[in-house]
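Participant: Here are the chains, one letter per residue:
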Amino acid sequence: MSRPLPGPTVRGLEAIVGPEHVITHRDRLLAYESDGLTAYRVAPRAVVLPATTEEVSKVVELLHGARIEIVPRGAGTGLSGGALPTEDGVVVGTARMNRVLSIDPVDRLATIQPGVVNARLTEATRPHGLYYAPDPSSQSTCTLGGNVAENSGGPHCLKYGVTSRYVTGLTVVLTGGRVVRLGGAGRLAADGLDLVGLFVGSEGCFGIATEIEVRLLPLPAGVRTLLGMFDTMEAAGHAVTAIIGSGLMPAAVEIIDKATIDAVEASVFAAGYPKGVGAALVIEFDGTEAGLDEDADRAEACCFEAGATEVRRATSEEERLALWRGRKKAFGAMGRIAPDLLVQDATVPRTRLPEVLARIAEIAVEYDLTIANVFHAGDGNLHPNILFDRDDADQLERVERASREIMKLCVSVGGTITGEHGVGVDKRGYMDLVHNEVELDMLRRVRSVFDPDGLWNPDKVIPPVASGSPAEAAAEAVSA
Amino acid sequence: MTATAPVGELVRPASVEEVVAELARARREGLGVLPVGSGRHVGRAAGRQRWIALSTERLSGIEIYEPADLTLTAGAGTPMREVSAALAANDQFAPFDPPFVLERSLGGLVADGASGPLWTGYGELRNHVLGLTVVTGDGRVLRLGGRVVKNVAGFDLIKPMTGSRGSLGVIVSVCLRAFPLPAEDRLLVLEGADVASLLDVARGVGTAPVLPVSSVIVGGALLVRLHGAGSTVDSDQRTIERHVGRTFTVPDAPSAGARLARARDAAAAADTVLELSVRPSRLPDLWPSVAEATPSEAVVDTYAGRVRVGFETLDRAAASRLTEAAERLGGAASVVRSSDPDVASAGSRPSDAEELLTGRLRDAFDPDGVLWPARR
Chain A
57 MSRPLPGPTV RGLEAIVGPE HVITHRDRLL AYESDGLTAY RVAPRAVVLP
107 ATTEEVSKVV ELLHGARIEI VPRGAGTGLS GGALPTEDGV VVGTARMNRV
157 LSIDPVDRLA TIQPGVVNAR LTEATRPHGL YYAPDPSSQS TCTLGGNVAE
207 NSGGPHCLKY GVTSRYVTGL TVVLTGGRVV RLGGAGRLAA DGLDLVGLFV
257 GSEGCFGIAT EIEVRLLPLP AGVRTLLGMF DTMEAAGHAV TAIIGSGLMP
307 AAVEIIDKAT IDAVEASVFA AGYPKGVGAA LVIEFDGTEA GLDEDADRAE
357 ACCFEAGATE VRRATSEEER LALWRGRKKA FGAMGRIAPD LLVQDATVPR
407 TRLPEVLARI AEIAVEYDLT IANVFHAGDG NLHPNILFDR DDADQLERVE
457 RASREIMKLC VSVGGTITGE HGVGVDKRGY MDLVHNEVEL DMLRRVRSVF
507 DPDGLWNPDK VIPPVASGSP AEAAAEAVSA
Chain B
52 MTATAPVGEL VRPASVEEVV AELARARREG LGVLPVGSGR HVGRAAGRQR
102 WIALSTERLS GIEIYEPADL TLTAGAGTPM REVSAALAAN DQFAPFDPPF
152 VLERSLGGLV ADGASGPLWT GYGELRNHVL GLTVVTGDGR VLRLGGRVVK
202 NVAGFDLIKP MTGSRGSLGV IVSVCLRAFP LPAEDRLLVL EGADVASLLD
252 VARGVGTAPV LPVSSVIVGG ALLVRLHGAG STVDSDQRTI ERHVGRTFTV
302 PDAPSAGARL ARARDAAAAA DTVLELSVRP SRLPDLWPSV AEATPSEAVV
352 DTYAGRVRVG FETLDRAAAS RLTEAAERLG GAASVVRSSD PDVASAGSRP
402 SDAEELLTGR LRDAFDPDGV LWPARR
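Respectively, the protein sequence lines represent chains A and B.
Residue numbering for the first sequence follows my numbering, beginning at 57 and increasing consecutively.
Residue numbering for the second sequence follows my numbering, beginning at 52 and increasing consecutively.
Here chain A stands alone, though its shape is the one from the complex (with noise of 0.2 Å):
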């Protein structure tokens, strides 16, 4: 059970935010005990909302001035636990820093506070021909400063690449409450680390960005979508590595397997794929229009030397969203049939796609789960989902267990244990799967370089140093 805050505390954040954006009642903390992932809940000391730079400064002062932990927050829709509250810690909360500062449209850049949700910056861009690129699949609700805190992807990542690509500014509150403007897209030229760079992905350890300046890219004029379907994953994953190897640059390539799709058909989500269909991809372009049908005609017979049983194209948008709507609604789809889903997020090198799905269906045999994939293919990245009901204590262990050997089993191929949900909590125990303990002790001094006393979103992402450990020695001779 989280401890009140001191009154005096309460006090001061009220006369920073507004008293109706201190929360303190038990009944409205719950709303943010947890985030997407929503196996672990703590319930927070109290949530703060401010609205501006100056008030997240001013909150960041106090709290730190009285040494109180801060986890900082977006629309909680993360799903490794990143915005997990502690007992000791104040949530800081970005819901209220929700403007779209500025667009300029021939410069191609647009500057939000964090709060902005990540398509509503689309649909604030389009009148200029201009859009956002990383499409996390939350992105009608996630919000920006999340994003930046993750590093986030999304399916079209795949030819355009993730949020570090697109961030060229911030303005972050630092430890103390230091304000601190970093990078610039007109600064391209200036010396010096790339700091902006570095805090794309802290996932909130290092401080929060109140102001994001993220770089447009015009609106391709069109988009060819196909939906090609397998009788087997090992088909499906053959297909995206002809469509790769063959030079072609699909904006997305999404695969869906046999336990999603049975999902989805058994949905209110039904999109109509054939009754007993193995696997499906969905396979997008976008751009220019000439050159599109070239790129679909080729993306198709691809499919077809993999041994595709079907494969339909989309001709409008609303052909195109339905042809989606399998892949977009899975999640949906499968919350439907279990309890409790686990979002498991890991990548692999591409090619090694067919062997490792053989292995993870062994492994749901072997540990009795249900693991349905569905997943962005084109860049190796996996998720398969673990269908579970967390009160059944035999089955939440087997889960444990059945993650961490998927994720033993991507690291082996040269993979890693998450490529876009990040480390949070939930992925801090396989940290020593991809990290020795001197990375690991370089990532808990690069943590210290911008949170010396550990007061931001503390339990996040490193794991505690090992006892005895050549880490623990260094941390005793460095304190002693």
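Keep in mind that the hints were calculated from the coordinates and are not lab data.
Quick partial rundown of chain A residues pointing at chain B, CB under 8 Å, derived from the structure:
(1) Arg221
(2) Leu249
(3) Pro274
(4) Gly301
(5) Thr344
(6) Arg406
(7) Asp435
(8) Glu476
Each pair of labels, with its calculated beta carbon distance range:
(9) A:His81 / B:Asp336: 53 to 59 Å
(10) B:Glu235 / A:Ala322: 45 to 51 Å
(11) A:Gly232 / B:Thr364: 42 to 48 Å
(12) B:Val301 / A:Gly363: 40 to 46 Å
Don't be surprised by glycine CBs; every beta carbon is placed ideally from N, CA and C.
Assemble chain B onto chain A, guided by the hints.
Facilitator: Quick look at chain B alone, frame taken from chain A:
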């Protein structure tokens, strides 16, 4: 190369272990260490102490190349010419084109961090670096990132390493993301009376509804490069021409190659080299200050808002005027090369906060300060 202290020694380690050993020796003997790639582009070293140049030349060779994964891992000392040839044999390429790219080493390019004009279409070099093996100043071997495109397992230390110019550690191995070679690589050329009028056209190119892969003004012409399928490139050319109301010429391959080489290398080999940047829409406001300084050569990346200028001679006052001109427009300047220490320090200063964070990061990677010759 503008060291103010003599190079005591050139060491050429052939393995990660030997790099670790050299750094340990440097710490023991109180030497500074300056990592050197091809030696083509060496940062400034300053100070009165003794220092050694650590060449990565023997850390050379392609380690893993999986064309179907579009990833290539090679030793830091591998010449970029060798990397490019291996990629080209599989119809792939590395989409960055900083000055003299083929004569440089892979590790040196990453340490320098410059992207070149292809930045417009493919993003910065740092986005193409998927993994790095580095030895920190205190001799610790770090494997950062990996061989996959998407990877967020821990803070992104690849970003500050890329462009750190040897100040955080010695890069010993690099994993790069490769791209398929485009079916068509077309250069559009528009000759112009002066840079100001070409900047006006470039602004139109920059706001056209298609994105070229680079857009540069050099040698009295605006060069716009398009990548894609033949029919796509045809269409993009028409779109751009319609948008700016001008017709471009398409030179033959040798002539296009020569123009692209100039766009890439212009001004970079001059005695004094400055880089200025502003938001692209401010380039017309910056240009008069550049012209007034009478550079021997200049190249303008019109989509990035970046100008590289070379001078036979430039005094401190003139260098400062250029820096101030960029800063007045919200931009920045850096002195890439100068033999005059007064000029060398005339670029934009980082803010106090940036300097503090940078200093602490350097202390985290190099607590004993062995890599001081690389520091600016």
